[in-house]
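Numbering (this note's numbering), first residue to last: 95 to 757.
Please keep in mind that the hints were generated in silico from the structure rather than gathered at the bench.
It is possible that part of the hints are untrue.
DSBU-like, lysine-lysine: derived pairs with alpha carbons at most 30 Å apart [said to hold, decoys possible]:
{"no.": "1", "residue 1": "K209", "residue 2": "K97"}
{"no.": "2", "residue 1": "K482", "residue 2": "K590"}
{"no.": "3", "residue 1": "K591", "residue 2": "K517"}
{"no.": "4", "residue 1": "K174", "residue 2": "K209"}
{"no.": "5", "residue 1": "K356", "residue 2": "K491"}
{"no.": "6", "residue 1": "K150", "residue 2": "K345"}
{"no.": "7", "residue 1": "K611", "residue 2": "K174"}
{"no.": "8", "residue 1": "K498", "residue 2": "K379"}
{"no.": "9", "residue 1": "K257", "residue 2": "K150"}
{"no.": "10", "residue 1": "K529", "residue 2": "K606"}
{"no.": "11", "residue 1": "K611", "residue 2": "K97"}
{"no.": "12", "residue 1": "K204", "residue 2": "K214"}
{"no.": "13", "residue 1": "K356", "residue 2": "K154"}
{"no.": "14", "residue 1": "K200", "residue 2": "K379"}
{"no.": "15", "residue 1": "K482", "residue 2": "K462"}
What follows is a list of derived Cβ distance ranges for each label pair [what the hints assert, rightly or not]:
{"no.": "16", "residue 1": "R500", "residue 2": "D435", "range": "21 to 29 Å"}
{"no.": "17", "residue 1": "N283", "residue 2": "L436", "range": "30 to 38 Å"}
{"no.": "18", "residue 1": "E607", "residue 2": "K150", "range": "23 to 31 Å"}
Built from N, CA and C at the ideal position, the CB exists for glycine as well.
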Amino acid sequence: MSKGKYYITTAIAYTSGKPHIGNTYEIILADAIARYKRAEGYDVWFQTGTDEHGQKIQEKAEAVGITPQAYVDEVAGVVKNIWDLVDSSYDSFVRTTDDDHEACVKKIFKKLYDKGDIYKGAYEGMYCTPCESFWTESQLVDGKCPDCGRDVKPAKEEAYFFKMSKYADRLIEHINTHPEFIQPVSRKNEMMNNFLLPGLQDLCVSRTSFTWGVQVDFDPKHVVYVWLDALTNYITKIGYDPDGSNEMFAKNWPADLHLIGKDIVRFHTIYWPIFLMALDLPLPKQVFGHPWLLQGGDKMSKSKGNVIYADDMVDLFGVDATRYFVLHEMPFENDGVITWDLVIERFNSDLANILGNLVNRTVSMSNKYFDGVVRSTGVTGEVDADLKAVVTGAQAKVADKMDKLRVADAISEVFTVFRRCNKYIDETMPWVLAKDEAQQDRLAEVLYNLTEAITIGASLLHSFLPSTAEKIVAQLNTELRSLDQLDQFGLYESGKKVVEKPEILFARLDAKEVLPKVEAIQAAQKAEYEAEMARLNGGAPVEAAEEAVIDIEAKEEITFDDFMKLQFQVGEIIACEAVPKSKKLLCSQVKIGSQVKQIVSGIRSSYAPEDMVGKKVMVLVNLKPAKLAGVLSEGMLLCAEDAEGNLALLTPEKNMPSGAEIA
RNA sequence: GGCGAGAUAGCUCAGUUGGCUAGAGCACACGGUUCAUACCCGUGGUGUCGAGGGUUCGAAUCCCCCUCUCGCUACCA
95 MSKGKYYITT AIAYTSGKPH IGNTYEIILA DAIARYKRAE GYDVWFQTGT
145 DEHGQKIQEK AEAVGITPQA YVDEVAGVVK NIWDLVDSSY DSFVRTTDDD
195 HEACVKKIFK KLYDKGDIYK GAYEGMYCTP CESFWTESQL VDGKCPDCGR
245 DVKPAKEEAY FFKMSKYADR LIEHINTHPE FIQPVSRKNE MMNNFLLPGL
295 QDLCVSRTSF TWGVQVDFDP KHVVYVWLDA LTNYITKIGY DPDGSNEMFA
345 KNWPADLHLI GKDIVRFHTI YWPIFLMALD LPLPKQVFGH PWLLQGGDKM
395 SKSKGNVIYA DDMVDLFGVD ATRYFVLHEM PFENDGVITW DLVIERFNSD
445 LANILGNLVN RTVSMSNKYF DGVVRSTGVT GEVDADLKAV VTGAQAKVAD
495 KMDKLRVADA ISEVFTVFRR CNKYIDETMP WVLAKDEAQQ DRLAEVLYNL
545 TEAITIGASL LHSFLPSTAE KIVAQLNTEL RSLDQLDQFG LYESGKKVVE
595 KPEILFARLD AKEVLPKVEA IQAAQKAEYE AEMARLNGGA PVEAAEEAVI
645 DIEAKEEITF DDFMKLQFQV GEIIACEAVP KSKKLLCSQV KIGSQVKQIV
695 SGIRSSYAPE DMVGKKVMVL VNLKPAKLAG VLSEGMLLCA EDAEGNLALL
745 TPEKNMPSGA EIA
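Could you build all of it, start to finish, from the sequences and the hints given here?
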């Protein structure tokens with residue numbers, strides 16, 4: 095019976111905050127695939143979880159005054175609740191703070207170290223002892239520390255590195271001989287051209303700058319840095335052990351599918367396979383970097399209150415409508431768009447009109463004409479053949495789409511069944527048959543065919559919208575069929591009685607009623623955000639909360655003398671042109687006092703060259719000249735940057751002469 | 001700058017190795033119908049298939065070039 099095992103994973107969610115619908119999409123997609131594979135007869139293991147280590151989490155926990163463990167416990171709980179809310183049928187939920195995972199990561203690290211694939215190295219660079227900072231040659235100012243101006247000396251900071259290059263050829267070979275390995279294929283080309291073919295750099299796999307992580311047991315001041323900790327969840331949690339794995343591991347590894355976001359394809363198709371090679375383990379069969387679900391129009395931002403969360407969607411539309419939307423709206427390769435209006439539209443047109451109404455009208459007719467009894471009389475009509483062909487052929491089409499991971503297309507195939515049923519009702523016109531005493535057997539057969547077709551459709555729908563499928567067959571007083579029965583028509587037991595009063599599966603929504611609720615959700619979200627910001631700011635209420643604030647990493651304190659080393663002056667831009675060889679650079683001629691300096695700046699995304707001319711700007715004048723994209727730059731224009739990367743040049747608040755000193 | 005992908009109906013997209021009047025869904029309009037959740041079914045597009053050139057009996061589909069968009073990547077004082 096079993097077709098063998100199928101091991102599918104999602105990426106583990108980073109516990110820095112509540113996942114929004116774009117993150118939740120992945121678990122729903124994985125769930126649909128997992129359920130479908132189970133229905134096909136595979137012995138499925140479906141794993142998801144949370145990634146809980148790292149500096150960011152340590153800092154967030156400190157900011158709210160709790161331990162990192164308490165912080166991640168809370169967020170992991172939130173993640174798990176949402177995963178459960180959307181009916182995901184995962185078999186295991188791994189947390190990177192689980193004891194067994196941490197113990198295994200330590201062993202893996204040691205094994206790779208003993209094998210020589212991990213070596214203790216260093217960030218080599220110029221070190222400023224008072225600042226405790228490393229600098230590259232190019233960052234130095236006049237050969238001295240750019241922060242404090244003191245002398246620096248060549249030094250290195252200890253870190254462990256993984257020898258990526260050792261396995262690069264094997265990986266290139268594997269990717270070339272396994273075209274299905276990286277999906278979609280466009281990602282494969284990116285990986286090959288940008289990373290593998292130019293040559294892989296060794297990867298830093300430990301850190302000493304923070305402590306919230308898996309400690310390297312033979313060198314306790316190091317913690318294992320993200321990828322060796324996070325990626326290994328795929329094997330640690332199913333029983334891998336460098337000293338001898340268990341049977342479960344032997345059964346499930348290699349994974350059949352790693353489902354991940356397109357942003358982390360690189361880590362899953364380069365570093366992860368190489369780690370596995372180093373551990374002498376087989377590689378996963380397939381990695382699918384799915385696109386993103388983006389919010390249309392405005393950018394998603396908590397401060398605006400327009401982030402869409404799965405639980406809000408479930409409150410308004412229900413679990414299956416939420417699942418339907420994300421599964422249907424997400425294409426295979428391009429990003430999908432989500433807005434509340436689109437959700438309502440999809441809900442009404444597909445779920446309420448096509449599916450819900452179909453079930454309702456069919457059940458209603460059986461009740462009205464035959465007291466709910468559905469029986470096959472064998473009185474067929476011309477139009478029956480096409481209905482049966484479409485319905486019994488759907489299963490193969492869905493299977494084909496699912497094999498290619500075209501989940502959105504697969505669910506569309508399911509809906510063609512329901513569309514065909516609606517058409518069949520119009521073709522046969524049961525209400526006309528009902529008026530003719532001689533046509534009673536034909537009428538019964540029509541309703542039987544509909545009931546049977548809907549049962550098949552519901553069975554196909556089960557992987558995508560599990561509870562809806564179950565509700566439908568309950569109304570029809572039957573059970574879901576297995577996939578291998580779906581090419582047969584006529585298995586519905588003749589003479590059964592459908593439910594008397596069908597429950598409305600999806601009540602049509604009025605945008606006018608839903609959108610005010612959305613506004614209420616957004617207002618609440620905004621208020622919550624402001625309250626949190628206020629809490630982080632020591633209880634002080636946040637003024638002008640409409641504007642997002644930005645926190646950046648604090649740099650070393652400097653002395654007044656340090657500051658006085660910097661020379662700022664007002665400059666007037668007298669000419670400006672784009673640097674031909676670059677996308678982001680502008681080259682400006684800046685008049686500072688009586689001299690003119692040429693300054694190159696990466697601000698083309700925010701300013702056109704012609705907009706620059708005539709502006710009075712603030713210039714760091716005594717910066718060591720350097721060449722950018724082959725063009726000499728003799729200073730720096732000061733700019734502010736927001737979270738989206740928009741830039742604003744700093745200009746004097748009152749008109750000042752060119753060359754005026756800024757202090 | 002390097003590599004890659006794309007530009008088809010108002011919107012989102014299909015269009016296999018070049019071939020019959022270029023399609024689907026949504027939206028819109030009209031018609032039909034009344035079993036049903038004012039639903040369902042049918043009909044409706046003059047779309048320069050991004051611009052230009054070429055190969056061919058024939059090109060949305062192949063080749064060249066141009067414009068624009070997007071992805072990854074590098075530089076971004």
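Now for the hints, and whether the structure bears them out:
1. Annotation: proposed proximity of K209 to K97 is violated, straight-line Cα distance about 37 Å (limit 30 Å).
2. At most 30 Å may separate the alpha-carbon atoms for a hinted pair to count; K482 and K590 meet this at roughly 20 Å.
3. For the given pair, K591 sits about 24 Å from K517 by alpha-carbon distance, which is consistent with the 30 Å threshold.
4. Restraint check: the Cα-Cα separation between K174 and K209 comes to about 37 Å, which exceeds 30 Å; the hinted pair is violated.
5. A C-alpha spacing of about 27 Å is found between K356 and K491, which places the hinted pair at or below 30 Å, so the restraint holds.
6. Of the supplied pair hints, the one linking K150 and K345 is violated, its CA atoms being roughly 36 Å apart against a limit of 30 Å.
7. Simply put, K611 and K174 have alpha-carbon atoms about 25 Å apart, close enough for the 30 Å limit, and the pair holds.
8. The suggested pairing of K498 with K379 holds, with an alpha-carbon distance near 13 Å, which does not exceed 30 Å.
9. Annotation: proposed proximity of K257 to K150 holds, straight-line Cα distance about 26 Å (limit 30 Å).
10. Annotation: proposed proximity of K529 to K606 is violated, straight-line Cα distance about 40 Å (limit 30 Å).
11. Pair hint K611 plus K97 does not hold up; C-alpha atoms about 47 Å apart against a cutoff of 30 Å.
12. For the given pair, K204 sits about 12 Å from K214 by alpha-carbon distance, which is consistent with the 30 Å threshold.
13. Between the alpha carbons of K356 and K154 the distance comes to roughly 26 Å, so the proposed pair stays at or under 30 Å and holds.
14. For the given pair, K200 sits about 26 Å from K379 by alpha-carbon distance, which is consistent with the 30 Å threshold.
15. Between K482 and K462, the direct Cα distance comes to roughly 24 Å. Compliance with the 30 Å bound is thereby established for this hinted pair.
16. A beta carbon spacing of about 26 Å between R500 and D435 agrees with the range 21 to 29 Å that was offered as a hint.
17. Between N283 and L436 the beta carbons are some 31 Å apart, a value that agrees with the proposed interval 30 to 38 Å.
18. At about 40 Å, the beta-carbon gap between E607 and K150 misses the expected band of 23 to 31 Å.
Hint violations for this structure: numbers 1, 4, 6, 10, 11, 18, all remaining hints satisfied.
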